[in-house]
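The residues making up each chain are set out below.
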Amino acid sequence: MNVIECEGLTKQQWRLKALDELSFTIKENTITGLIGRNGAGKTTLLKILAGLWQETNGTVRVFSERPFNNLLISANAIYVDDQMQFSNRLTLSDILHEAGRFYGNWDAELARRLFNYFSFHPKQVHMHLSKGKKSTFNMIIGLASRCALTMFDEPTTGMDASVRSDFYRALLKDYLAYPRTIIISSHHLEEIEDLLEDVLLLDQGRKYFHLPIDELKEYAVGLTGRTEMVMQCSANQEVIHTRQIRDDLTYSVVKNDNLPLNKARQLGIEVSKVSASELCVFLTKKTKGGIDDVFK
Amino acid sequence: MILNTDGSKPIYVQISEWIETEILKGNLKQDEKVYSQYKLAEMFTINPATAAKGLNLLSDENILYNKRGLGKFVTNEALGLIIDKRKNQTLKGLLLEAAIEAKQLNVSEVELVQMLKGIMTNLEGDA
Amino acid sequence: MSLNRMGLGTVVAKQLQYKIKAYYGVFSSLVLVQVIALLLSVGGSVFSGTTIYGLSLDYTTYMTTNVIAFTILWIFIHAIIMTTKTERENSFSFVSNQLSNNISNCTFLIVASIAGGITAILSGYLLRVIVYFFIDIDLLIGTEFYYPPGEVFQGIVAMICYLILIGSVGYLLGVITQLHRMLPVLLPFVLAGILIALERIFPGSFMAIGEYYFQETNVFPFLFKFIGSAVICFAVAILISSRLEVRK
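Chains as they are written, first to last, in UniProt numbering: chain A, 1 to 296; chain B, 1 to 127; chain C, 1 to 248.
Treat the hints as calculated values from the structure; they're not laboratory data. We put the beta carbon where it would ideally sit given N, CA and C, even for glycine. One or more hints might be untrue.
Unchecked claim - Not the full set, but computed from the structure, chain B residues with beta-carbon under 8 Å of chain A:
no., residue
1, P10
2, I11
3, Y12
4, Q14
5, Y38
6, A41
7, E42
8, I46
9, N47
10, P48
11, A49
12, T50
13, K53
Required output: the full structure, derived from the provided sequences and hints.
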């Protein structure tokens, strides 16, 4: 069953198209990574899916309903980011108590255990938490609410490395025990890729691709070698990224579409894997060059 | 085991190799039930779909078989198949890499074989 | 995972409960405002001396209009505060849509009006008690010291109606100002302009509006006029904000 269906989804903000003819579906009980550079439209998409923002054009369905301003969606889809607002007249334990009244699947025991594990004080006020602590607290709300659609937008902002890895493990364990549809947006694909089933890559409001993570890892290979050899090998192939290491030495990232890799090795080209996160960065670069071109 | 996340091998391949190694070590015997995809996901903090892919890889190679509703079990021929595969693929691959490196360094075939022999003797001496 | 279905009524009830907790400051500020108003009144608002037939007479008027005016101002300000960006976003921390949020806000304002109405009228009697016991006076004239309970009740109901109407107007104005960031600046001028234009084109319309609301002495038309107007204000506010996006 599809939890999310988008068809030609467009969001116009002033003159800019934050989302541009986006079409995709997300299956029930999968973990999807929403990847893209700053301003690619990740947050816009998630806010539309959560029913907070309104689409300009196209159709968007969550649990077969239009999400905007919809109580069913509000009760079953939670959007967690570092801008979450809670009344500063409530203490942290008040907030957890209130969340429990609103969310039908709320697990108070899990919330309490996480709350203690990350050593929060019940009388603290949300506004006064540090950036990382705020993210951690919001994450607790996101996990314990057990919403059928749970969306984390850059959930690890400000978290230290140890809290981040705790979060990923907590997320996975709770997902295994209570499967649900989860979307995580992140700049750090390398940190979350093991958790993911699929990756949705956005580039300037458009879908670049929507692939299982394993296919993404074999999507392209890196070729390093003498420039003319690399050129010869990648002729008629889709070159994603290329960088001149030295005058006569080139590193190219080429789409792995029946590439003659053995021949390449014989030509003295070093064939390397391209990690999913590197690949996403290369794919969504505005120009084929890089920061070096600025300094030319 | 800690998974190698530098992208050198897909996670699901690493999972299937880990199970193979468990069988080789004798930790998983013939007709014994292997870990479920959820258990594996929990053990390695990976997506259960990835773990399932690793298990399916082994089913396709007749190393595991399905019992409906019960899970996956080790086949009779699993051990033989794994040894065979490791010999023909992993070991050969390693040797190929060694051969390429030897060629680059102008190490002769005789010299390479001698090096290998020396390593083998050392290993046996340790054991 | 099966979906949780929550009706509008359930969500509104939960939100109202949440808001009473989150806005408890509204009630403590009510107490503060009325105490200040009372203290100002105890000083006496009009003081004058006169001589009639060689008899010198000093009289002080103790009026409860302070309390009433302050309470009206209090509900007006809180109605506007409820529509600000921060408060709207806080309302959407948990399950909500625009309709449920608006209805729970309106309900909250009605609850606050009831609290404000009761305390404002009763504090008038408190003032009388204070003046009677603590201030050295010779005569207490002008109003009766004791009122029959029926009249007290009427006063409370009327005060609640005033507050609900003022609250609904404040809420509507607040919602309108949220539509565009220029509106908080422009709206006062626009409103003043409309009122001036109204007075120019239809002279005496101010008086007419005042009479329409404040010269009504029959209970039911009075209730109808006040509650009806408040319902219209709330409904317009709900309509205007139904398309608003949250967390812009």
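Here is what the structure says about each hint:
1. Interface restraint check: P10 of chain B against chain A, minimum CB-CB distance 5 Å, threshold 8 Å, status holds.
2. Annotation: interface hint on I11 of chain B holds; nearest CB of chain A at approximately 6 Å, less than 8 Å.
3. The interface hint given for Y12 of chain B is met, as the beta carbon of that residue sits about 6 Å from the closest beta carbon of chain A, less than 8 Å.
4. Proximity of Q14 of chain B to chain A is violated relative to the hint, the smallest CB-CB distance being about 10 Å (cut-off 8 Å).
5. At its closest, the beta carbon of Y38 of chain B sits 5 Å from a beta carbon of chain A; the interface hint therefore holds under the 8 Å criterion.
6. Using the Cβ-Cβ criterion of 8 Å, the hint placing A41 of chain B at the interface with chain A is satisfied: the shortest such distance is roughly 6 Å.
7. Restraint check, E42 of chain B versus chain A: the minimum CB separation of about 6 Å is within 8 Å; hint holds.
8. The interface hint given for I46 of chain B holds, since its Cβ lies 5 Å from the closest Cβ of chain A, which is under the 8 Å cut-off.
9. For N47 of chain B, the interface hint holds, since its Cβ comes within 8 Å of a Cβ in chain A; the closest pair sits about 5 Å apart.
10. Satisfaction of the interface hint for P48 of chain B is found here, the shortest Cβ-Cβ separation to chain A being roughly 7 Å, below the 8 Å cut-off.
11. Taking 8 Å as the C-beta cut-off, the interface hint given for A49 of chain B holds, the closest approach to chain A being about 4 Å.
12. Taken as an interface hint, T50 of chain B checks out: its beta carbon lies about 7 Å from the nearest beta carbon of chain A, inside 8 Å.
13. Among the interface hints, the one on K53 of chain B holds; its C-beta lies about 7 Å from the nearest C-beta in chain A, closer than the 8 Å criterion.
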